Amino acid sequence: MSQIDSLTGYLQQALSETLETIIFAEPEAYNTESAVPEKLDRYIHVRIESTFPFKSVLHLLLPFEKIAEITAMSAESMDDVPESLVLDTVSELANTISGRWMALSIPGDEEFGLTLPECRFYENGSLPVSETASTRIFSFALEADTCFAILQLAG
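The numbers in the numbering used here rise by one with no breaks, and the one at position 70 of the sequence shown is 70.
Read the hints as simulated data drawn from the structure, not as lab findings.
Heads up, some of the hints might be wrong.
Stated by the list, open to error - Here are the in silico distance ranges between beta carbons for each label pair:
#1 57 <-> 141: 19 to 25 Å
#2 35 <-> 120: 32 to 38 Å
#3 108 <-> 82: 39 to 45 Å
#4 112 <-> 133: 34 to 40 Å
#5 85 <-> 124: 20 to 26 Å
Note that the structure is predicted; figures quoted are calculated from it, not measured.
Glycine included, each C-beta is placed from N, C-alpha and C at the ideal position.
With the hints as extra help, turn the sequences into a complete structure.
So this is what it looks like as structure tokens:
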């Protein structure tokens, strides 16, 4: 199994464990994609880099409304959740997912480096990547919503 395929498996495991633990919803139906759809309405794009022991970039595309719903559940009595709080929720999820992913990916207690998550609204067409020898793209269902993950290994 190639390094990128192994890392993708660990990423899917980290997504499942983290989302089930934090939001009580397990991602379903991991599907390999050849590219990110050109048009996604109201999605949040989060980007995190691993800096060592290997270099990679992880992108997650998550539907704003789903994350707003999750945020409202934990914020008690918030009918209208501010966008900034939704972006904070995505950052925390991404931090937890990427930390778990790295812990699964490297042996023992080896240290690893991650950048802080960069969160913003997804601009259609801003991730013109396709699957290559060093890039994997997959979608997964989070209840009725479709999410995307892109993993790029740096050479």
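Next item on the list: Tell me, in ascending order, the numbers of any earlier hints that this structure violates.
Entry: 2 and 4
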